[in-house]
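Enquirer: These are the residues of each chain, in order.
2 protein chains.
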Amino acid sequence: MTEHVRVVEVGPRDGLQNEREIVPTDAKVELIRRLVAAGYEDIEVTSFVRPRWIPQLADASDVLSALRGVQGATFWALVPNERGLERALDAGLSGVATFMSASETHNLKNVNRTIRESLGALREVIGTAVAEGLRVRAYVSTVFGCPYEGAVSVERAVEIAAALREMGAEQISLGDTTGMANPRQVGEVIAAMHAGGLPLSSLAMHMHDTQGAALANVLAGLQAGVRTFDASIAGLGGCPYAPGASGNAASEDLVNMLNNMGYQTGIDLDRLCSAGEFIAEALGRELPGRYHKYWLGARARREARTA
Amino acid sequence: MTEHVRVVEVGPRDGLQNEREIVPTDAKVELIRRLVAAGYEDIEVTSFVRPRWIPQLADASDVLSALRGVQGATFWALVPNERGLERALDAGLSGVATFMSASETHNLKNVNRTIRESLGALREVIGTAVAEGLRVRAYVSTVFGCPYEGAVSVERAVEIAAALREMGAEQISLGDTTGMANPRQVGEVIAAMHAGGLPLSSLAMHMHDTQGAALANVLAGLQAGVRTFDASIAGLGGCPYAPGASGNAASEDLVNMLNNMGYQTGIDLDRLCSAGEFIAEALGRELPGRYHKYWLGARARREARTA
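Chains as they are written, first to last, in this note's numbering: chain X, 21 to 327; chain F, 21 to 327.
Hint data in this document are derived by calculation from the structure and do not stem from the laboratory. Just to be clear, a hint being listed does not mean it is correct.
Covered stretches of chain X, as calculated for chain F (at least 3 residues, CB under 8 Å) [unchecked claim]:
{"no.": "1", "stretch": "65-79"}
{"no.": "2", "stretch": "203-210"}
{"no.": "3", "stretch": "253-263"}
{"no.": "4", "stretch": "280-290"}
Computed from a predicted model, the values in this text were never measured in an experiment. Idealized CB from N, CA, C, for every residue including glycine.
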């Protein structure tokens, strides 16, 4: 029996939010439809942060209303606070994702709150979301290292993850915000999370490929028992801490590796690659995903041969 | 005690041979000097194939004579046959690398010989090289999959590797020519090699990042006991089978991951990154290495902040 691994597509939110070129709402909706058609069961489609902060995602409500009636996947959106949650509820969403950091400095710079303040605020947000019948994922950023502080306390990260889960988040997505993780550390962090009372099924890994080790870290996570991984189509997005550097792990790379290893993802790689080509064209730029480039290049070579 | 992992730099040969822009001999020599200064003990510096085949490396003898007197590293060169070996001996080389494929079609297309013919010819080349006091590495390409045939017989690959070792090659470098390997397969192949009589210390892995899994495959190799990995600075080179796609695993990505995992490589990452910047400028193009881009981007950001 083949084992299932869940891939959560975050390209339309985490990917696009780092792209300068504003993508028309129609193109975002088309991308998401194609991702559903490729077989995704979980897609993070937008964010309800203040439109002024992330103009790319200012059309969150429009995207969601255009998706009404699209079946087959759970659509998730990022919510920073109670106000974001209200907008998400108005939009008829079924899943929300909250976020905070495991390092004090990154949390302060990102959400202008201490970790203690974030935990207090999220208790309200998650509590309300769960009471309203929403599913909740909670991101914890900088678990594997902080661009400001360097090493991050594993004990602290475990405490935060456990607190978020106790508040009602069904899954904690451990973020490697600037790709600082290494496979040995991943094994240690996952073991510490498990020892700290978090079931492996409640954990996801959200790895960035900034330093090139995203898939190696995913492999270490698989070996440690994690079965949910976030990824961004064609490696959409980038790293706000290093211009030109890679951001999220690329979905095609991840799905291809999982397929080749015999895991079952339910995602059609060829359809996924077509969706990657679609968003690359919509953005009018080359995207960094390895398999994405390989797929485009292999097709170009085939076409040159038959021309 | 920290464990040593040997990284063999193949950028000046395997990387450059796939770059269209001809790099002046001086720049190649400067690159190699910088790689030695960064701490490499093994550098594949050029190739003695017919100059007409690979114009980029037509200056092989000049590169080697300019490197005479440079201490601290073993310089390796690719030799296809007895004639190449003679040129390498004349150039005063201390190490040569031979090559053949584990799949019949790739071997025919690449060297115009059957596998049996290649083994016969290499028996002569390796025998002569060893008799002349040279060290020999032997590449076996397409071990993890063939762009023409698909799956490749592990038994066949083991037989070839064992034969090459028996001929006198001190190390067999298992090539993943178009990045088709996956971590599960790597574990199986290495175990089969070991069971087939090849000591783990006689094995190297030469992984390509075409499909994005190079470092994950390296991790699987480390876990299986391999301690030598080939890599190309800044991901120099590309994939001849898919225009625009990635080629060799990038050295900076590999060294950074190994450092972070607590392995000792003897290579100074910052000097390595500087050497990568040097060759990117010499080529006048952006190179694909992740850590290379991250390092350049992080510096640009620092400079923008202090400006």
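Enquirer: Next step is simple, just say for each hint if it's right about the structure.
Expert: Each hint tested on the structure:
Chain F is given as covering the stretch 65-79 of chain X, and this is violated because 0 residues of the stretch bring a CB closer than 8 Å to a CB of that chain, at least three being needed. With a threshold of 8 Å between beta carbons, the proposed coverage of the stretch 203-210 of chain X by chain F holds, since 3 of its residues qualify and at least three are required. Residues of the stretch 253-263 of chain X lying with their CB closer than 8 Å to a CB of chain F number 4, which satisfies the three-residue condition for coverage. Note: the stretch 280-290 of chain X has 3 residues with beta-carbon separation from chain F under 8 Å; the three-residue rule is met and the coverage holds.
Against the hints set out earlier in the document, a violation occurs for number 1 only.
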